[in-house]
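Visitor: Chain by chain, the residues:
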Amino acid sequence: MEQLLNLLPPLLEGTWVTIQLALASTVLGGILSFAAGIGKLSRNFFVRAISVAYIEIFRGTSLLVQMFWLFFALPLMGISLSPVLAGILALSLNIGAYGAEVVRGAINSVTQGQYEAAVALNFSKRYTLWHVILPQALVEMMPPFGNLVVQNLKDTALVSLITLADLTFRAQNLRNLTLDSVPIYSLTLVIYFVLALIFMSGMRWLERVIAFRVGVAQGRARA
Amino acid sequence: MLFGIEWDTSSDLAFAISILPILLRGLIVTVQATALGFVIAIVLGLILALLRMVPLKIVSWPTAIFLEFVRDTPLLVQLFFLYFVLPEYGIVLPAFLTGAIALGLQYSGYTAEVYRAGIEAIPRGQWEASIALNMPAWLLFRDVIIPQAFPRIVPALGNYLVSMLKDTAILSAVTVLEMLHVGRIIGDRTFRYFIPLTMVGGLYLVLTLLSSLAVRFTENKLPKDGIPLR
Amino acid sequence: MNRKIRNMIASTLALALIGSLAFAQADLTEIQESGSIRIATANEIPYGWIDENGDARGIGPDVAEAVLANMGVTDIDWTVTEFGSLIPGLIADRFDMVAASQAVLPARCEQVDFSIINSSYGEGLLVEAGNPQDIHGYEDFVDNSNLTMGIVSGADQLDFAQAYGLRQNQIVSIPSNTDALSAVATGRVDAYAATGLTVGRLALNSEDVEAAEPFTDPVVDGEPVRSFGAFTLNADSDEFREAFNEELGAFQETQEYRDILLSHGLTEQDIDAALAVTTEELCSGEG
Numbered sequence: 001m002e003q004l005l006n007l008l009p010p011l012l013e014g015t016w017v018t019i020q021l022a023l024a025s026t027v028l029g030g031i032l033s034f035a036a037g038i039g040k041l042s043r044n045f046f047v048r049a050i051s052v053a054y055i056e057i058f059r060g061t062s063l064l065v066q067m068f069w070l071f072f073a074l075p076l077m078g079i080s081l082s083p084v085l086a087g088i089l090a091l092s093l094n095i096g097a098y099g100a101e102v103v104r105g106a107i108n109s110v111t112q113g114q115y116e117a118a119v120a121l122n123f124s125k126r127y128t129l130w131h132v133i134l135p136q137a138l139v140e141m142m143p144p145f146g147n148l149v150v151q152n153l154k155d156t157a158l159v160s161l162i163t164l165a166d167l168t169f170r171a172q173n174l175r176n177l178t179l180d181s182v183p184i185y186s187l188t189l190v191i192y193f194v195l196a197l198i199f200m201s202g203m204r205w206l207e208r209v210i211a212f213r214v215g216v217a218q219g220r221a222r223a
Numbered sequence: 001m002l003f004g005i006e007w008d009t010s011s012d013l014a015f016a017i018s019i020l021p022i023l024l025r026g027l028i029v030t031v032q033a034t035a036l037g038f039v040i041a042i043v044l045g046l047i048l049a050l051l052r053m054v055p056l057k058i059v060s061w062p063t064a065i066f067l068e069f070v071r072d073t074p075l076l077v078q079l080f081f082l083y084f085v086l087p088e089y090g091i092v093l094p095a096f097l098t099g100a101i102a103l104g105l106q107y108s109g110y111t112a113e114v115y116r117a118g119i120e121a122i123p124r125g126q127w128e129a130s131i132a133l134n135m136p137a138w139l140l141f142r143d144v145i146i147p148q149a150f151p152r153i154v155p156a157l158g159n160y161l162v163s164m165l166k167d168t169a170i171l172s173a174v175t176v177l178e179m180l181h182v183g184r185i186i187g188d189r190t191f192r193y194f195i196p197l198t199m200v201g202g203l204y205l206v207l208t209l210l211s212s213l214a215v216r217f218t219e220n221k222l223p224k225d226g227i228p229l230r
Numbered sequence: 001m002n003r004k005i006r007n008m009i010a011s012t013l014a015l016a017l018i019g020s021l022a023f024a025q026a027d028l029t030e031i032q033e034s035g036s037i038r039i040a041t042a043n044e045i046p047y048g049w050i051d052e053n054g055d056a057r058g059i060g061p062d063v064a065e066a067v068l069a070n071m072g073v074t075d076i077d078w079t080v081t082e083f084g085s086l087i088p089g090l091i092a093d094r095f096d097m098v099a100a101s102q103a104v105l106p107a108r109c110e111q112v113d114f115s116i117i118n119s120s121y122g123e124g125l126l127v128e129a130g131n132p133q134d135i136h137g138y139e140d141f142v143d144n145s146n147l148t149m150g151i152v153s154g155a156d157q158l159d160f161a162q163a164y165g166l167r168q169n170q171i172v173s174i175p176s177n178t179d180a181l182s183a184v185a186t187g188r189v190d191a192y193a194a195t196g197l198t199v200g201r202l203a204l205n206s207e208d209v210e211a212a213e214p215f216t217d218p219v220v221d222g223e224p225v226r227s228f229g230a231f232t233l234n235a236d237s238d239e240f241r242e243a244f245n246e247e248l249g250a251f252q253e254t255q256e257y258r259d260i261l262l263s264h265g266l267t268e269q270d271i272d273a274a275l276a277v278t279t280e281e282l283c284s285g286e287g
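Protein chains in written order, with our numbering: chain A, 1 to 223; chain B, 1 to 230; chain C, 1 to 287.
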């Protein structure tokens, strides 16, 4: 037991880094999801092309390859990102591409009637998107987004392979020092599991809040 | 040199062409790992899904918790666990096998969900009719449930196959010489990372495209309403 | 999307990108004025490692700290990374210097610069306790193609192994020196190829492994391999390198320098051999 307690401080330091990485990449990934998801539905050819290219490339290649590329290949082009930036960027770009498909699917699922009503009410395209379509789509998006958030959390473990001192990196270091794999990896897995449960309940709370708020917004649009 | 093939650093194009056969050797390992991992995932997932449906709480609850645990923890850490912990209990598996098992284990969490969703989607009437007809459970599953669940399950499983293909890159962390690891070694020896890593990315795109097409093809071949009985 | 938000995001990304662009390489005046420097090492005892307290120790770090102190630089920001990432990290300006006693090789000289020679060492093989496969040198791997050898990615032992004609499936690329012990102890590889000192120190950590004795150095191009280690620097840090070399040269004439190297396991002959060779000779392929 005491042995386990000794392992906790370095692992918890790593956990804090993992949490920060997960939050930062979720937020940035979310922004990218909306940008690319909406972009893919755009009338503008270039916007659509860029969105499609981005989504296909980052969904079609492995996250670890993307991370290594940003960390090892990019410096040779003159742009040397620190491990933190490379890690967050890779995670965000990756989860953003998957999220984009969720956004696109959710927007497409909003019934045609909403668009027609907006035209009848003389709303501009932008107003329609922002105040009518997106709120309804947002409710559709939340469950798949919840899955993506957990997936992103699990993906943060990969940053340990580009020398970022997250939970997995700390676990590896501890093992190198003490050669005691069983308690270290068991504890690490449990911590990730607990984090996942926390993130999942957070997302479920967010789902409920949004469903509630969207209800209010719909009321406003009608008035 | 790797795998007995020398690379040519005289120009970028020569370099790219010379390392392609080396990267393809890695690609073979990637495909092999995916194939083995996928087989493990669909078999193990089925077993776990069935265990979870057993009426006994003492069987279904631990299974459900195990499945949730496997689904919500990182593949990399599961891989390290298998790679470093098993030897402490005397089980030393080669790195490739350890990697395939880790992939199979993580994805069995997902395939079990797919099976569950597929089976639950079957109308209640089918189950009730089988009870009325006094059908034994094994016959029910073999001739009624599975043929109907199959077409719904295949696309989802296919997506996970493509996903697993990309996850094999993680095996590079435990010395498996799959595509990414080979690309990285070339970079470590020549200090030229851009071309190998970009080529690895391109090869993954090709693999993903091909396997997506294969999955789509299989999907279309399957009858929508279920496989007809003999 | 809202134009305001779009612009915000664009400018944030632009700023982040600019902020992370490669800075000027290790600048002598900058380092001396700030009194701080970033150094990387690869966790390989005894050449450079981080101990349980988080302090950097080893042939590289100890000498570097002493020399830099003489230059007025006392704040060292240590990074530990994989051996294979040391030179790429240097090129990418992630750190100013590498203190891992990396062997000076012509291929490396093309990418980076080295200080004057600081250490010299021979080779070794780490095997399971009792040496069940009776391994005493690289030739044994040629005779028995079932034997596997673990090598850290980026290390020059790969060149020796390939010079002996070992097949690719006999070579296992392990990520770092610290994974080597368990790889040998669990039988995943039959031997771990590294410098003699590395192997000796690893053997001290566990009863499950030992250094292969007697051991014959691998012979490449007719000469038994002897490697010479130095500090690695970015190719553009000429001014800093010259200043560092001056101080290092002066330090190498002191007894303190010899004591440091002896305390980490080098012999007097190793030290004399190191002081007798120049970096230029090694970079051009002679010596």
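Treat each hint with caution, since some may be false.
[Stated by the list, open to error] Covered by chain C, per the in silico footprint, the following chain B stretches (three or more residues, Cβ under 8 Å): (1) 45-51; (2) 82-92.
[Said to hold, decoys possible] Estimated spans, in silico, between C-beta atoms of each pair: (3) C:Gln111 with B:Phe69: 54 to 60 Å; (4) C:Gly249 with A:Val194: 53 to 59 Å; (5) A:Lys125 with B:Pro94: 55 to 61 Å; (6) B:Gly202 with A:Lys125: 15 to 21 Å; (7) B:Leu86 with C:Ala107: 34 to 40 Å; (8) B:Ala137 with C:Ala129: 50 to 56 Å; (9) B:Ala117 with A:Leu41: 25 to 31 Å; (10) B:Pro94 with A:Leu5: 31 to 37 Å; (11) A:Val119 with B:Ala137: 52 to 58 Å; (12) B:Asn220 with C:Gln111: 28 to 34 Å.
To be clear, the hints were calculated from the coordinates, so they are not data collected in a lab.
The beta-carbon is built from N, C-alpha and C at its ideal position, and this holds for glycine as well.
Visitor: Would you mind marking each hint as holding or not holding in the structure?
Guide: Outcome of the hint check:
1. Counting residues of the segment 45-51 of chain B whose CB lies closer than 8 Å to any CB of chain C gives 0, so the stated coverage by that chain is violated, three being the minimum.
2. Proximity of the segment 82-92 of chain B to chain C, defined as three or more residues with a beta carbon under 8 Å from a beta carbon of that chain, is established by the 3 residues found.
3. Take Gln111 of chain C and Phe69 of chain B: their Cβ atoms lie about 45 Å apart, and the range 54 to 60 Å is violated.
4. At roughly 55 Å, the beta-carbon separation of Gly249 of chain C and Val194 of chain A lies within the given 53 to 59 Å, and the hint holds.
5. With their beta carbons about 59 Å apart, Lys125 of chain A and Pro94 of chain B fall inside the hinted range of 55 to 61 Å.
6. For Gly202 of chain B paired with Lys125 of chain A, a C-beta distance near 37 Å fails the hint of 15 to 21 Å.
7. For the pair Leu86 of chain B and Ala107 of chain C, the supplied restraint of 34 to 40 Å holds, since their beta-carbon distance comes to about 38 Å.
8. Checked against the given bound of 50 to 56 Å, the beta carbons of Ala137 of chain B and Ala129 of chain C, roughly 54 Å apart, stay inside it.
9. The hint said 25 to 31 Å for the Cβ distance between Ala117 of chain B and Leu41 of chain A, and at roughly 28 Å that hint holds.
10. For the pair Pro94 of chain B and Leu5 of chain A, the supplied restraint of 31 to 37 Å holds, since their beta-carbon distance comes to about 35 Å.
11. Between Val119 of chain A and Ala137 of chain B, the C-beta spacing of about 56 Å keeps the proposed range 52 to 58 Å intact.
12. Separation of Asn220 of chain B from Gln111 of chain C is about 52 Å and departs from the stated range, judged on CB atoms against 28 to 34 Å.
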